[in-house]
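Undergrad: Listed below are the residues making up each chain.
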Amino acid sequence: MFDLSPQDWTAIALSLRVAAVSTVVALPFGIIIAMLLTRGSFWGKSLLDAVVHLPLVLPPVVTGYLLLLSLGRKAPLGAFLADHFGIVFSFRWTGAAVACGVMAFPLLVRAIRLSIEAIDRRLEDAASTLGANHVWSFTTVTLPLALPGIIAGMMLAFARALGEFGATITFVSNIPGETQTISAAIYSLIQVPGGDADALKLVVISIVICVAALLASEWLAKRATARLHGA
Amino acid sequence: MLTLHLEKTLGEFSVNVAFASESRATALFGPSGAGKTSLINMIAGLLRPDRGRVEIDGEVLFDSAARIDVPPWRRRIGYVFQEGRLFPHFTVRHNLEYGRWMGGHKFDPSAFQHVVELLDIGHLLDRRPGKLSGGERQRIAVGRALLMQPRLLLLDEPLASLDAPRKRDILPYLERLRDEARMPMIYVSHNATELKLIASHVVWLDGGRVATTGGVERLDAAQVDMLA
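Here the protein sequences come in this chain order: A and B. Numbered by the working numbering, the letters in the first sequence go through residues 1 to 231 in order. Numbered by the working numbering, the letters in the second sequence go through residues 1 to 228 in order.
Hints were generated in silico from the structure; no laboratory data involved. Here the structure is a predicted model, which means the values were calculated and not measured. Careful: at least some of the hints might be erroneous.
[As the list claims (entries may be wrong)] For the chain B half of the interface with chain A, some residues (derived, Cβ under 8 Å), not all of them:
1) Phe87
2) Pro88
3) Met102
[As the list claims (entries may be wrong)] Covered stretches of chain B (chain A as the covering partner; in silico rule of three or more C-beta atoms under 8 Å from a C-beta of chain A):
4) 65-73
5) 76-82
[To be verified] Only part of the chain A face toward chain B is listed, based on derived beta-carbon distances under 8 Å:
6) Arg122
7) Asp125
8) Thr129
9) Gly131
10) Ala132
11) Val141
12) Pro144
13) Arg227
Cβ coordinates follow ideal geometry from the N, Cα and C atoms, glycine included.
Start from the sequences, fold in the hints, and give me the full structure.
TA: Structure (structure tokens):
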């Protein structure tokens, strides 16, 4: 049953790459936004909160179309990035990573935010009396204490990115070898008569990857928590 | 020499305190809710006063009129919190070293050894704070504050979370600290017995105001008043 075609392998490798890149690139932004939303007080904070959560509630197709409208070749921002930095998103795997990153972002921010909210701020006060300015108290106290939440958020984002379909296919289409992820490949296979068996293989693969990601994150989060509270 | 005058309104409650102390160990005494913790938070820079001035040994740390407000991380004021506030993700050794790292000082093995022996915490260095007893944690909190080489040490009810036998265990360490560390300290407590052992000069707070100041012998009268 598991003689996968080269095209299947390409889709699997591409999915893993897209999910990993989108998670890693989204992470610093996720931490910054989570910090702003928990600790910041500024005008437009609830608006920022709403915008961050939009991809969670909008139909993915709408998110994908908005990405196309803003980052497509002919869109002002997309054209600017292409002309000045040579960064092209439309119909490239990088565009798939952008779509996955945007879709996964609310989950990432939520998990990190919850863990930052749970931190005892008095520990940061203690750090400041010991000579730590804001940057040092953030890197030596806040960030390590938020680590279990950061790991959980990354896992959620990774799994969400692996499963992303609607926004990706709308934004960058379904091109084998460039933007055809596992989800898109499964979709293509079940459109073809007799493709069910091949689709099922990819279904099993995606289940295996997601379960492995879940187990890995559980284990990492447990280790991180043990480090925080152990003797 | 510590001179301060601080005013702060916190909802219904207000603190308005002025005193000067040249004593090595100043006691801040008063019932709970008297404003003791708010006052030392303002000295440490953790709470911003509405108005006032804090000066230690000729250096102005806060002056609302001159718009001076040195941030807490540049005040070099050691603070031992009531609940210890040790960093749970660091070992005891790293907790003790934290102030030195942040200050960018070189490791001084003899100073480290001295504090470790003074507080008798050598056997705990490689453990994490999570499973230590309350008394052990407070000794480490004291050591952490000492090792940052502060110009002033604030102790906010460091024994309040401990039971009576543990208090008796730690008091001698604090007396040694006062006698050996050559560092001025402000000791906050509502326990007169504790303060009489540690402090020489007393500032008695009540309702956010200074009720009286003087030598520790005043505490006998003060305690009777509080009980009455």
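Undergrad: None of the hints should be skipped; say for each whether it holds.
TA: Taking the hints in turn, this is what the structure says about them:
{"no.": "1", "hint": "Phe87", "result": "holds, 6 Å"}
{"no.": "2", "hint": "Pro88", "result": "holds, 5 Å"}
{"no.": "3", "hint": "Met102", "result": "holds, 3 Å"}
{"no.": "4", "hint": "65-73", "result": "holds (count 3)"}
{"no.": "5", "hint": "76-82", "result": "holds (count 5)"}
{"no.": "6", "hint": "Arg122", "result": "holds, 6 Å"}
{"no.": "7", "hint": "Asp125", "result": "holds, 5 Å"}
{"no.": "8", "hint": "Thr129", "result": "holds, 4 Å"}
{"no.": "9", "hint": "Gly131", "result": "holds, 3 Å"}
{"no.": "10", "hint": "Ala132", "result": "holds, 5 Å"}
{"no.": "11", "hint": "Val141", "result": "holds, 6 Å"}
{"no.": "12", "hint": "Pro144", "result": "holds, 5 Å"}
{"no.": "13", "hint": "Arg227", "result": "holds, 6 Å"}
Hint violations for this structure: none, all hints satisfied.
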